[in-house]
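Asker: For chain A, the structure is supplied; the task is to place chains B and C on it using the hints.
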Amino acid sequence: MKRELPVVITSVVAALYVVASFLDIKAFNVMKSHLDKWFLIISASTILLGVINLYVVHASAIRRRKPGFVYSIILLAALAFTLILGLQETSQGRNYAQLYQYVLNPLSSTMYAILCFYIASAAYRAFRMRSVDAALLLGTAVIVMIGVVPLGDVLWQGFPKLSQWLLDVPNTAGMRGIMIGATLGAIATGIRILLGLERSHFGRAE
Amino acid sequence: MVIRQGMLVPLLIEVAFALSLLYVMRRTRRGQKVPRVRKVAGLEALEEAIGRATEMGRPIHFTPGIGDYGEPMTLAAFTVLEYVAKLAARFDTRLIVTNRNASVYPVTESITKEAYLSEGKLNAFNPTDVRYLSDNQFGYASGVVGILHREKVAANLMFGLYYAESLIFAEAGNQAGAIQIAGSAYIYQLPMFVAACDYTLIGDELYAAGAYLSQEPTLLANLIAQDWGKMLAVGLLILGVVLKTLGGGSVARILAK
Amino acid sequence: MTLSERLQSIDRRVIYLILAAVIVGVLLHPIGMPIRVGKETQTVYAALDALKPGSLFVLSFDYSASNVPELHPSAIAMLKHAFSKNVRVVLTALSPEGGMWANDALGVALQKYPDKRYGVDYINIGYKPGGQVFLEKLATNVKDACANTDASGKPLDSFPIMKDFRTAADVSLAASMTAGEPGYPQWIANYGEPNKVPITAATVAVGVSGAIPLVTSGHLKGVLKGMRGAAEYELLIKDKGTAVAGMDAQSLGHLTIVFFVLVGNIGYFLQRARARGRS
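Chains as they are written, first to last, in this note's numbering: chain A, 215 to 420; chain B, 166 to 422; chain C, 2 to 280.
Because the hints were derived from the structure by calculation, they are not lab data. Just so you know, not all the hints are guaranteed correct.
[Claimed, not checked] Reference excerpt, derived from the structure (chain B facing chain C, CB under 8 Å, subset only):
#1 GLY171
#2 PHE303
#3 ILE352
[To be verified] Pairs of lysine-lysine, DSBU-like flavour, derived with a Cα cap of 30 Å:
#4 A:LYS240 with C:LYS138
#5 C:LYS222 with C:LYS239
#6 C:LYS144 with A:LYS251
#7 C:LYS222 with B:LYS422
#8 C:LYS138 with B:LYS422
[To be verified] Estimated spans, in silico, between C-beta atoms of each pair:
#9 B:ARG191 with C:LYS144: 43 to 53 Å
#10 C:ASP165 with A:ALA229: 37 to 47 Å
#11 C:ALA47 with A:ALA349: 32 to 42 Å
#12 A:SER235 with C:LYS144: 17 to 27 Å
#13 C:ASP240 with A:LYS280: 49 to 59 Å
#14 A:LYS280 with B:GLY216: 19 to 29 Å
#15 C:ASP105 with B:ASN301: 11 to 21 Å
#16 A:GLN315 with C:PRO130: 13 to 23 Å
#17 A:LEU237 with B:GLY304: 35 to 45 Å
Heads up, the beta-carbon is just placed ideally off N, CA and C, and yes, glycines get one too.
Excised from the complex, chain A in its bound form:
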């Protein structure tokens, strides 16, 4: 029973969702709307489990004086501070918003900006003409990189046209192929779950 109940719940809810997506029946629409809310509530409540895990991992690091345990202290202090401030002011509060805008936003932007450098080092390492395939990859990468920036126009008027053609034709063909395959794969996964054939998402090894 313990094994079968989650499968039954999943199958029933999935079937309801499928019906509500294709058919416009009021009773199903109402049920789907309720289930959407439940999903949001359950997802939000799992954050508590995450916070407990963070505490356990970092409290253990502090207790054992693991190398770098100072960072664990900073993390737990920041977590507690943000939590208390959020509870006190809510997310609309001035200090809370400033914390978001002047601490979290610049940190996120910094991480994203690192990508610029990582793209450079990854391209330098990966684009070697070791084979015909690699040569094609290198050639298209160089044409597109130059063609999509104003420099392409300055160097040779053909760069933007060639780059646009690469994006419109071979790229579109490849992307659509992957999209079709991936969509079918996703649908097949959904149907397997609906039929109770795939169960790893219940967190149990079969």
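Answerer: Showing chains B and C alone in chain A's frame:
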């Protein structure tokens, strides 16, 4: 009209697809031989990657991506995690699983624990090695980068949905000297993985991972139905091109009914 | 270590340093390279430009702080363009931070169009959770989808613009400034296609290759491609902003990466030639 606008053809296709899945599975259960599935280099390399980590005495890192529990790619990543966790338990190699999504974390923890249990190594399971890092995308990314460097990870396994952090993870893994295997159906990040990883599962290969790794005949039979779906898509594409070229009706218009 | 080996194993920190120096240098001393307006940008511009005064245009801020340099200039430029055409604008967001960036974009656009009135010419319904579920509801019942509140929590009923904004049928055009998901794929599938609302998008540069197939299939009316798309839009509305300023840096940044790729390949071929010579 009870059927939603534009949903008639998708409904018919979906029903046909589900029926064909059931048909091939029934056929397999009755004993019909399952065709051989082509080798997927990225999945074949999983054992090699875990073996390498074992030889080096360094940990494996697994991330199920940043999608939530309802994301199909995340669900597909769970099947890979199950396989990886079992091998890690068998080889007594440390496995670190990091999570971005709080709704995914309890599932990955449970999968890992059950895998250790099924290998009779529950004592070797360390709950603090399955970690929730942050719901913030780049908070999670920086946490993973730190772990890859500090723990000197020997194998970096990335399966599921990824956005901009894909290259951040792959480059950090490369700097740590890890063998890297990635799998995603999110087309925007695939080029990053292809450029920076040793092996990449592209698109539907990720969804086929569960069947491929388990070698369960009924699941493998699923792939036949997927191929039928692809053939139908290719057929419709060709028909559409021919009709459009001849100046006739459009397949897209029929599909939009 | 031989020259060929050296060329193939340049320390990544050297690459990072040179790249940073080039980008910062050009940002401080712009060259002013000419920018040609691409056809996708022109299509997006034309779609918005063709709207009649008083039509409703939905602008969705589906990005967070990290994507601001690439997407925020597009959002500001489209907002200014809509105001200049007397098109009414509904600002919304599928990203939690998007509501904040919508306010920021409004702040910039209103400096140029100070006579625009909140609740009459434009409204910010802010970030609403739920992604595709929210979009489905927004298409059928705006008030329900937004729990009858705008971004600041005021009742939607109290604003005149809401009399004409009840369902997707009232909307002439929607644009999603997309960094990931939810973004334009959801706008197309859950809002545009079922309700015949034309959708345009702006996307980050790495997402361009994925957006183009949807432009050629007609699901997207057009796409603004990263910072370049924003710069082109700024030129079309004759209002140069941060995107135009960033184009030189992007050009030379790309050139630097191509340079290192070529250096690596020269090293590789030198090594191969030497190995052949030996054998």
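Asker: State for each hint whether it applies.
Answerer: Now for the hints, and whether the structure bears them out:
At its closest, the beta carbon of GLY171 (chain B) sits 6 Å from a beta carbon of chain C; the interface hint therefore holds under the 8 Å criterion. With 8 Å as the threshold, the beta carbon of PHE303 (chain B) comes within range of chain C, its nearest partner Cβ sitting at about 6 Å, so the hint holds. A least Cβ separation of about 5 Å between ILE352 (chain B) and chain C falls short of the 8 Å threshold, and the interface hint therefore holds. Distance hint between LYS240 (chain A) and LYS138 (chain C) is fulfilled; the C-alpha atoms sit about 14 Å from each other, no more than 30 Å.
Restraint check for LYS222 (chain C) and LYS239 (chain C): the C-alpha separation of about 22 Å stays at or below 30 Å, so the hint holds. For the given pair, LYS144 (chain C) sits about 17 Å from LYS251 (chain A) by alpha-carbon distance, which is consistent with the 30 Å threshold. This hinted pair checks out: LYS222 (chain C) and LYS422 (chain B) have alpha carbons roughly 21 Å apart, not beyond 30 Å. For a cut-off of 30 Å, the pair hint linking LYS138 (chain C) to LYS422 (chain B) stands: about 22 Å separates their Cα positions.
At roughly 49 Å, the beta carbons of ARG191 (chain B) and LYS144 (chain C) sit within the given window of 43 to 53 Å. Taking 37 to 47 Å as the suggested C-beta distance range, the pair ASP165 (chain C) and ALA229 (chain A) conforms, at roughly 39 Å. Look at ALA47 (chain C) against ALA349 (chain A): about 39 Å separates their beta carbons, and that is inside 32 to 42 Å. The hinted window of 17 to 27 Å between SER235 (chain A) and LYS144 (chain C) holds, with their beta carbons roughly 23 Å apart.
Hint check: ASP240 (chain C) to LYS280 (chain A), Cβ distance near 54 Å, so the stated range 49 to 59 Å holds. In this structure, LYS280 (chain A) and GLY216 (chain B) meet the distance hint of 19 to 29 Å, their C-beta atoms being roughly 28 Å apart. At roughly 19 Å, the beta-carbon separation of ASP105 (chain C) and ASN301 (chain B) lies within the given 11 to 21 Å, and the hint holds. At roughly 20 Å, the beta carbons of GLN315 (chain A) and PRO130 (chain C) sit within the given window of 13 to 23 Å.
The hinted range of 35 to 45 Å is satisfied by LEU237 (chain A) and GLY304 (chain B), whose Cβ atoms lie roughly 41 Å apart.
Checked against the numbered hints given earlier, this structure breaks none of them.
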